[in-house]
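Student: Now for the letters of each chain:
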Amino acid sequence: MQAPDVKAIEVTDLTVAYRETPVLWDIDLDVPPGVLLAIVGPNGAGKTTLIKAILGLVRPAAGNVLIYNKPYALQRKIVGYVPQRGSVDWDFPTNVLDVVMMGRYGALGWIRRPGKQDREMAMHALEKVGMEKYTTRQISQLSGGQQQRVFLARALVQDATIYLMDEPFQGVDATTERAIISLLQELRENGKTVVVVHHDLQTVTDYFDWVTLLNIRRIASGPVDETFTSDNLRETYGGRIAFMKNR
Amino acid sequence: MDNLYFLTRFDYTLIIVSIGAALLGTVSGALGTYAVLRRQSLLGDAISHAALPGIAIAFLLTGSKTPLILVLGAAVAGWLGTLIILSIVRLTRIKYDSALGLVLSTFFGFGLVLLTFIQRSGNANQAGLDDFIFGQAATILKRDVLTIGILGGVALIIMVIFWKELKLLIFDEGFAASIGLPTRSLDILLTSLLVIAIVLGLQAVGAVLMSAMLVAPAVAARQWTDRLNLMVTLAACFGAFAGVSGTIISSSATGIPTGPTIILCATVAVGFSIAFAPNRGLLWNSIKQRRNRRNLKIATNKFVGATAAENQIKENDTRTS
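Quick note, the sequences are listed as chains C and G, same order. Start counting the first sequence at 33; every next residue gets the next number (this note's numbering). Start counting the second sequence at 53; every next residue gets the next number (this note's numbering).
Bound-form chain G, shown alone:
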């Protein structure tokens, strides 16, 4: 009961942290839908890992831990990583997955080196920077919530404004280009939105696991609907659910890391959806299959019975004539 005591007293910090987690879950869930439908789930992974050195460099240059500055550094690094991946694919014969792996590990390794260097440098202000690896939602302050709310809100508004263009880009890029949509620019726009969603979540969820926040809500949402607008909305809800529940669980006891807990909550949503969703769910499928088999059996029996009866009638006819 001790653990649940905090729930009854509406802890101010917890409320702030939950709001922040809900916001970032909403943003990453909605935008992650596009990454999943575009089969770019792993791009999110590369971006989030690539963002780590950006945070370190932003801190080294400014000596400040202001969220906006760190987020900016993360965004620039994440963007640079994406750019390098795309250039590698375009200019060399290295395939997309190898380019992803290459950039992801190189940037992340570089980020770890920089963070270790900062820790050893004895800068008193550096404490908490390594939270960006695994995430620490408890460090979310009111100003962070404001940053997440404003930047995330802008990203979502842009998504809504270019709704039909982005939809066509993902569904049929060739047709989109043929009617004159600037597919390159739209692609850049979409990637930028992903970068925003990712860097906003880094503080709470961490670089290692952030991509799951893009992928898991979208995968869960896809199970329940066949419409894009519903899928985006549902993914946003699943993201918010995972963010809030993960934060509450992890703050209910010391020593439970927030990021992994949030991801586990998202995974629960995925597991539930894959198992129980109508039409696409496993349970529904097996019921449907069994029912089909039974109906088929009944139909065959009827058919066999009917033909037997028919033959009997024919036989009688020939006899009478």
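In isolation and in its complexed conformation, chain C is listed as follows:
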């Protein structure tokens, strides 16, 4: 067991602004190790920006991010990232195995090419997500769910301790969604910390054990059964959450 004060991710006073408009305002967030956490909030709440700020992809106006008590730049190798599926051009001339292998680039360092061992890791990851039959498939010929699983496999070969995923369920069918969530739960069982930007409020309690409610500010964060309350949801979504009442 890890000491209770160890934090996988520790965000303090984080503010991010695009031009004058704040996208994230004074965010404090502690993520304990070994949880499966959903970041939930309305459109424009800053969910993606929060992930990107943790990864150092956007420069915050103020605040600090620590991964296991060290800045992200020192901890890159223990963090895996799944960007939004729509953030890349899927007509890029490459195949499934090659994309998954990109997950090894960080460990490989400059100039060195991926070798046999990297290929084996990639194949193993593809088996995990059930895509082993598609290794040589051109990526433009994948369905949305398959694209998502390729991105997941790429993160798996990063062999990380913390995973940050931006809407991994976006545009996937029910079967794929179930396959993905059992994979994420397996990661958690192995002691990994998994942070997921999530949109579907109905499934939060089933899928996750920890939740962060976000709308520019952090509304609440903690275990799902304590935090995922109708009061907190109303505060996050304003009046637009009436349909949740009957839950």
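Source of the hints: derived by calculation from the structure; they are not laboratory data. Errors might be hidden in some of the hints.
Label-pair restraints from in silico Cβ distances [claimed, not checked]:
{"id": "1", "chain 1": "G", "residue 1": "L135", "chain 2": "C", "residue 2": "P103", "range": "29 to 39 Å"}
{"id": "2", "chain 1": "G", "residue 1": "L164", "chain 2": "C", "residue 2": "T167", "range": "37 to 47 Å"}
{"id": "3", "chain 1": "G", "residue 1": "N177", "chain 2": "C", "residue 2": "A94", "range": "54 to 64 Å"}
{"id": "4", "chain 1": "C", "residue 1": "N222", "chain 2": "G", "residue 2": "R342", "range": "44 to 54 Å"}
For glycine and all other residues, C-beta sits at the position ideal for the given N, C-alpha and C.
Given the structure of chain C, go ahead and fit chain G onto it with the hints provided.
Tutor: Coordinates of chain G only, in the frame set by chain C:
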């Protein structure tokens, strides 16, 4: 037949010029692939136009037409143009395409003014400078080929060394940054390689049309393959083909400008590829579509037939029971 006579006697000048054109076609084809995949085709256009005043200023300062000096001037100006475009996008609310147009026309206009000024100044050495507008491959000398070969070779070697980093940068910049690749520096590196490819081609192809040498071979190559390494190789081949064939055609008769001819040859490659390439080509698509429609029709007929038969069997079953 008179026009083809030169082909039989292995004209020394023609060989030199062809080698030069092939080299620059190879370099711009290979590096243009990255510009096309990055959706920065028009950046090449801006760089090549922006390079023109650099050539004029380099000549004004040194009074020399040594290719290396002119290329250096072109490179600095092209670079400056790119820098201004990126700064405009970052610091103001002007969009990327407007910034491109703005810089392209301003630099090119400035270049034309300087060239006119040089022509009027009565400097005896200035003849041929205006070839940089539309290109004149016939002016390529042995030393130019050497310059193109060395600089282009260096650019290609750098491309190969940083192969996987550049690939990841283009495919998924966010992921590249997350694993610690310095995406800004890689971006600068890639743009620098483009600048090199462009300024090397200015003499033969000219500022106005040079960007087509980046775009056309890559677009043609994309039609034939789904792999990046093959695409880069094919684009290099298409570029070399366009360079050599354009040079030979234009030198077969007087009054045919080289640059536009090279570009037309590249366009032929593009047209052919778009029409006839397997999988992505228009012809292939229409054949596939027709075949699908026919198969579907057959399948539906079978299905309808099968269900009819099934119903018949069921009917019989119910009767017997």
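Student: A range of 44 to 54 Å was offered for this pair. Does it hold for the Cβ distance of N222(C) and R342(G)?
Tutor: holds, 52 Å
Student: Holds or violated: the 37 to 47 Å window for the beta-carbon distance between L164(G) and T167(C)?
Tutor: violated, 54 Å
Student: Holds or violated: the 29 to 39 Å window for the beta-carbon distance between L135(G) and P103(C)?
Tutor: Holds, at about 30 Å.
Student: Is it true that N177(G) and A94(C) lie within 54 to 64 Å of each other by Cβ?
Tutor: holds, 59 Å
Hint compliance for this structure: hint 2 is the single one not met.
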